[in-house]
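There are 2 protein chains.
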Amino acid sequence: MADPATPLFERIALIGIGLIGSSISHAARRANLAKTIVGSARTPETIATALKLDIIDQGYATARDAASGADLVILCVPVGLCGPIAKEIAPVLKPGAILTDVGSVKGSIVRDVAPHVPPGVHFVAGHPIAGTEQSGPESGFAELFDGRWCILTPEAGTETAAIEKLKTFWEKLGSHVEIMAPDHHDLVLAITSHLPHLIAFNIVNTAAHLERVTDSEVIKFSAGGFRDFTRIAASDPVMWRDVFLNNKDAVLEMLGRFSEDLTALQRAIRFGDGETLHKLFSDARTVRRGVIQAGQDTSAPNFGRTPDPAAGLKSGADKA
Amino acid sequence: MADPATPLFERIALIGIGLIGSSISHAARRANLAKTIVGSARTPETIATALKLDIIDQGYATARDAASGADLVILCVPVGLCGPIAKEIAPVLKPGAILTDVGSVKGSIVRDVAPHVPPGVHFVAGHPIAGTEQSGPESGFAELFDGRWCILTPEAGTETAAIEKLKTFWEKLGSHVEIMAPDHHDLVLAITSHLPHLIAFNIVNTAAHLERVTDSEVIKFSAGGFRDFTRIAASDPVMWRDVFLNNKDAVLEMLGRFSEDLTALQRAIRFGDGETLHKLFSDARTVRRGVIQAGQDTSAPNFGRTPDPAAGLKSGADKA
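Protein chains in written order, with this note's numbering: chain H, 1 to 320; chain B, 1 to 320.
Since the hints were made in silico from the structure, they are not lab data.
Treat the hints with care, since some could be wrong.
Intra- or inter-copy, both count: the list cannot distinguish identical chains.
Result set (SDA-like, lysine to any residue): computed pairs, CA atoms no more than 25 Å apart in a straight line [unchecked claim]: (1) K279 <-> R42; (2) K279 <-> S135; (3) K248 <-> G83; (4) K52 <-> E138; (5) K165 <-> G274; (6) K167 <-> P95; (7) K94 <-> H122.
Given the sequences, and given the hints that come with them, work out the whole structure.
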């Protein structure tokens, strides 16, 4: 049995130190999961910030230098970069090391990364279903994964001990863990994450290009519902570009269903079919209850937003 | 000049005591805006709750009895009921009284209510752009309107003093006030509120009827974005049915724009056009900044949601 004072890993390497990478570090330090945490980032500024915030003990300019000698390497970069980085770090991966990632698409990552993984290294793809609309090393925090789910999508034949160790790691970060096939992950996330983001990006852009309603009106009166969409539409554009480029089939399938249902709603509105509208709206309410019962959202009204009267009044004064 | 200790109104009548009606009462009591607040509701239970919570001083079973003798009558009922109730209360409205409403559509309310308003009564339609996903008299709170906008849509020829008095009322409830034409209100709200709700209702229903993804998976993995949509899809179904039945043209116009833009996004995904996706996603980010600068949302990540690890872990334990 492992000594509880002995960290789960000697050396963790974070390849990319944004919201997810930095949150993993904070949560890993909270639970004493690593003796050393190192990392690499695209810019010297990010490395400097990560060192200053104690997110990493050592920073490297290249993924290869960071991954060298680590017994857990976590790719925390946009989906499209995982393949090239796996190729870059493959020669220095330590035998027995676990290689994982946090990308929002799993099929394409397994396809792009697996061929580069040397024998003796255990590749277990993963995806924590957690995040905020913020980006960068300053945005991470230790509680991000608490009570959220992390999905692992190991390929058949992966050593059970490696899967179990990575599962333990995520549980100690605060998550529940579920194992599923990469393609099923991509279908589930297409509806629970990718399509919601696509729709949010879309309505924000629709609103920005109207002729008869000004941008200032859209913003002033956004508390009617629109502002909820602007939050997720503020997420990192590069990350999301890569999600849609790499989960095309599942997203197009869900988008097709969504558009079909929306056309039916449009028809009910056009013909004044109040009964259909009422039934659909009532059904939607029960799903919210399920989300709250499963601990995946707060039951406080308005997400428990604290009003910011000072900002509001200031804006009012500007206007008056 | 009015004595600051003298309330703005002698007697306010709330016709309907749900989220908005009860919040008006709490905010009016906070600012000492009425000597007496009375109300009517559809059910005796609601009246009993409203009396118990000190939302009203006296409760009535009919709108007519509640409105009688009031110098401010506020219709806080679904849009479709405003016309019939105006007809019911018209005979008892006190000369010089102000009649207003809080409906999310203004063109149809002006059309349905104005013909019943007797000479000497001042009808000024209104709409506070504030709310939560909760309903009923227990859901109201005094801070709901703080820093939010209230739109008034008086008809040409309405006495200026009545408009000014209602404007003062809303400002003392905590709001900023803007005056606009009913049709322009309906166009602005179609994009900032009605379409966002329609899309939220729609995606929640799409998710609930998939064959290859279970309802339980949708709920468990909802923290990827979907849960934000379930919040506004939990809003009152009758209220929203009436909104769509009564703002058909503006909603269909905005829905047409939205679908057109979504088709362009779909095409960019199908053909792997990363440049277009990146540009659209980057543009959307700037709108979020505008919403926060205007004081219409919190800048805290995830709306400042407080995680509820207990609920999350409980759900995890159920699963394990």
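Hints versus structure:
Proximity of K279 and R42 under a CA criterion of 25 Å is satisfied inter-copy only: 21 Å between copies versus 51 Å inside one chain copy. For a Cα distance limit of 25 Å, the shortest separation of K279 from S135 across copies, 17 Å, qualifies, whereas the shortest one inside one copy, 39 Å, does not. For a Cα distance limit of 25 Å, the shortest separation of K248 from G83 inside one copy, 17 Å, qualifies, whereas the shortest one across copies, 49 Å, does not. For the identical chains of this complex, K52 and E138 are intra-copy neighbours only, at 10 Å inside a copy versus 48 Å across copies, given an alpha-carbon limit of 25 Å.
In this assembly of identical chains, the alpha carbons of K165 and G274 never lie at most 25 Å apart, being 54 Å within a copy and 36 Å across copies at closest. In this homomeric assembly, K167 and P95 come within 25 Å of each other (Cα to Cα) only inside a single copy, at 20 Å, whereas the closest approach across copies is 73 Å. In the homo-oligomer, the alpha carbons of K94 and H122 lie at most 25 Å apart inside one protomer (10 Å), although the nearest pairing across protomers, at 80 Å, exceeds that limit.
Hint 5 from the list above is the single one not met by this structure.
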